[in-house]
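Got chain E; can you put chains G and R with the ligands on it based on the hints?
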Amino acid sequence: MTESVVTTSSLPFADAVPGAVLDADQWGIIVNPDKLVELAQYLRDHEGFDYLSSLTAVDYLGFKDRTADDRFEIVYHLFDTKKGGDGIVLKVRLPESKPEVDSLVKVYPGADLQEREAYDLYGIKFKGHPRLRRILLWEGFHGHPMRKDWKEPYYEAEHKPYKSRWPVGHYQWAEDRVPWGDNINYPKGFDPDAFEPAPLPMPIIHEPPEGSDHIHTERIVVNMGPQHPSTHGVFRMIVALDGETIVGLEPEVGYLHRNHEKLGERNTWLGNIPFTDRLDYLSSMSNNFGYVLAVEKLLGDKGKPPERAEYLRVIMAEFTRIVNHMWAIGFLLNDLGAFFTPALYAIEERELILDLFEAAAGSRMMCNYMRFGGVVRDVDEDWLRKARDIVFNRLDRKVDEFDEYLTGNEILMARCVGVGLLSAEDAIALSACGPMLRASGVPYDLRRARPYSIYDRFEFDVVTDDGCDVYARYKVRLGEIRQSIRILKQALDQIPEGPIMNGKPAYVTRVQKGEAYGAVEGPKGELGFYVVSDGSDNPWRYHVRAPSYINLNTLEHMTIGYKVADSVVILGAIDIVLGETDR
Amino acid sequence: MFGKGIIKGLGITLRHTAATFIDDMARVPSRYTNAIETPQGKLLRQPPDSKGLFTIQYPEEKRELPENFRYIPMLLYDEKTGKDRCTACGICAKVCPPQCIWIVRDMNEQGKPIPRPSEFYIDASICMSCGFCAEFCPFDAIKMNHDYEMATYDRFPGLVFDKEELSVPTSYYASLYPSAWAAEEAARAAKAAKKAARGKKGGGAGGARRKAAPAKRTAAPARKADAPASSKAEAAPPQDESKAPPDASSPAPGGSQS
Amino acid sequence: MANENQVPEELQQNVFVTSIDFLYNWSRKNSMWPMLFGLACCAIEMICTAAGRYDLSRFGMEVMRPSPRQADLMIVSGTVTKKMAPIIVRLYNQMAEPRYVLSMGACATGGGPFKEGYNVVSGIDKYLPVDVYVPGCPPTPEALLYGILKLHEKVQRQSIRTVPWYRKDTPRGITIPVLGPDIFLPDRADEIRQITMRQETSEEIAS
Ligand code: SF4
Ligand code: SF4
Ligand code: SF4
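Residue numbers (our numbering), protein chains in the order written: chain E, 1 to 583; chain G, 584 to 841; chain R, 842 to 1048.
In short, the hints are calculated from the structure, not lab data. Watch out, some of these pointers could steer you wrong.
[To be verified] Sample of chain R residues facing chain G (criterion: CB under 8 Å; computed from the structure): (1) Gly901; (2) Val904; (3) Pro907; (4) Ala947; (5) Lys956; (6) Val973; (7) Tyr974; (8) Pro976; (9) Gly977; (10) Cys978; (11) Pro980; (12) Thr981; (13) Glu983; (14) Leu990; (15) Asp1031.
We put the beta carbon where it would ideally sit given N, CA and C, even for glycine.
Bound-form chain E, shown alone (with noise of 0.2 Å):
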């Protein structure tokens, strides 16, 4: 990121939105609320930064040199999908009494869900955008539950360790602390008789253009989920429908919104570690991939891994790529109706993977294998042994498996060619990632654009497709399984000896005060991590670039126009994880 000194006068753009810059440093550019739009779309046509990555706000309450006139900062990484490199941060900076500024989603659509996210978390508006409403709680919640003044009903202190525990620590039950008994709490005054709930969204209704051949039936609005088994965990979509036809859908998330900032900042910055396990359930190596290396930025020289330690972290994530794009696979099936079948079929290579996670991390899915400045454990040639013989042996045999039953299967073509169209344009206005953009044929793979950890010296190709569909999406994952064989290979070849850990594992995580945004192209995409740090053993923000949640801007769009059975093949071809979208 832009690690490297910025001043104003350094920047080539400066002048071309007069007044927007206010001030630079290492961390970001300083912009005025006012001309925010206006610089962005000028970023946008001119320098090449076509791709809002991450969007989101920090409270600074309390924080050393703020006051209440820049109490709230929402920061924005962006970055250019052509050229890859270096993104750049912009920051608007905004006060405690008027926490608004304009809607970045006209000029990038992408910034749709994240907005909706701030807003939600702190109680940011966005003027301007079309739909402000709460999107991981709901609507009617009291406050806005990331400010740093507002406080969880089991709240025991800013920061974690808690007192209570040692050296005098009778056991307690949190119920016990607190007036309700129970993990709630209400506003003063608050009367449940008398209470209302808010109604259903409703989706936006988009007319399909005039002079189709469409014969206009009676709109009805039906609910899928939270329980329903095609939406791969509590997902809710309300879809409007014109006979069979989608004519507006309204995603609706949240249920398993697990408060994982909230936690984070409350945690030390080792004990986010096993959290970010959670995120992205499939695939925690790369989520403690993306968080070492984003707190790592901030460590400096103590924060670099030794050579076998990159190494067996490239292979961990190249074998969680594996995993979850098998298992995308095989669920892509589950929802085009050959239910679960294909997917048994599907994961069983997953669980030989997961012993090797299991031997060298002690658990299938929550591996917790990373620490900043190495990984855990050391494997033994015993593993390296078994992994080989995994990746030499079955794992190509498993993937010709797939291609032969699948690629050409006249089922899997007629439900999936052709639907979902997201054209290359769209994918990147939406802020797309992973598979989704590189389906769209966009070759944009964070493992290219901006090589991180050991990646620049496999050899491997950013596997691509034109097709813009569900079945594109099916053919990328496929090949990405192919170019992470080909990378484990080279990886468990070269594998050298050697420690795995710089200095001694500890406890306590001295970090600088700072910023970091670290990211890896996990197996759904652009996995970032931003954190503040205020040079304390606990963040000041954590904040997670979910490529889950960030991708489903695009699921409206693609939808509208397709039969309803088309919108869970669409759905599962984005191939959500709920852990990662609701956080």
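Below, chains G and R with the ligands alone, put in the same frame as chain E:
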């Protein structure tokens, strides 16, 4: 031809069924000779050249767990002396990400802290099995248990483990973690040798202090100390009438937990 | 399956009921259909339990029913959030009796690592009667199977004469919580009002 896909798809299933059946049958003897007989039942080994995946016939047979497997922590005490290894230093309680470890450090009559815990709790309904406690304990006193057969009918207090329930003898640990145990013992021996060498030089004040540890633990630890991944898998009905599961007849008391 | 020795004392004499009980329970426990319904990470392990390696069908459970009407067992597999809790209770109410609830994982059991979260319910037993708790994060498939075996044990011990679903005197529905400023149960309105009206405890919240 339309419908070819369906026939092909069915063919795959058929072929798969046949292949796994043959694979399984061909290995009937080797599958079980390859399995490791242990007191806990047969542990399954997946032969590397098998095509598919073996079904594990739990509860009759179990998967071989790797040494690093982690579930819920356990506390070690020394079998010979009956002394806890834990010194109540509190590091595990500090690193625990969801803060589910509670330790009361013991005090003597003068109110001075003694390095041993008088109470030690882990709330298994919060523990995320992350293994940090085991990783950072400087005294190798807390380790991750492999026993996953912990389902209960009552969560409170059934899943809040106190010190008695968490304690296991070191031999149990040694049986679960043979290589880690060997490495730790070697390190301990080396350290002791070094200390002894230094102690001889310096006058030998340090060594004798710890000897007179009271063998306070007489009864076997409550949580099946010597039956790793225990043998209760035969679904043996509990003899004790009081342990009989409560009937789930009454509906939940509307949110109150009393 | 010689489980006669667990039949309550007063029924020991009654050989007829005992054998009907045995048959009744034996058939129920060997065809217990779980609901196809996953919440979080634990759901993945539940799927793995149903998949090839652990093969839930060995216990007569392979038919995971997406509809609560056809399911006997609700495996609450993952974190129950406040936003989801009303839906889970509604699903439970829609299940036909006899119905069982298995709480899988630390989260469903007691909130788990996310217990402090403002949107997390501290255990599904705040709303539903739970039959078996399986701790672990996530419970491995074996651990889940063990929990299911425990449930079988429990089912085997029930008697047709005392089971609540043939009795008229026990109300069987559960109030569905409502999402207000925070989740609340309408039956507890009085209690809530008492605190919110006097109230130093819950602070004023800026919005
Ligand atoms: S278990 Fe280990 S880390 Fe925890 S208090 Fe005891 S000695 Fe310290
Ligand atoms: S395993 Fe992790 S969560 Fe569980 S007690 Fe140890 S440190 Fe805490
Ligand atoms: S218990 Fe652990 S694995 Fe299960 S849902 Fe909770 S966090 Fe996920």
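Hint by hint, here is what the structure shows:
no.	hint	result
1	Gly901	violated, 15 Å
2	Val904	violated, 17 Å
3	Pro907	violated, 22 Å
4	Ala947	holds, 6 Å
5	Lys956	holds, 6 Å
6	Val973	holds, 5 Å
7	Tyr974	holds, 5 Å
8	Pro976	holds, 4 Å
9	Gly977	holds, 6 Å
10	Cys978	holds, 5 Å
11	Pro980	holds, 7 Å
12	Thr981	holds, 5 Å
13	Glu983	holds, 5 Å
14	Leu990	holds, 5 Å
15	Asp1031	violated, 12 Å
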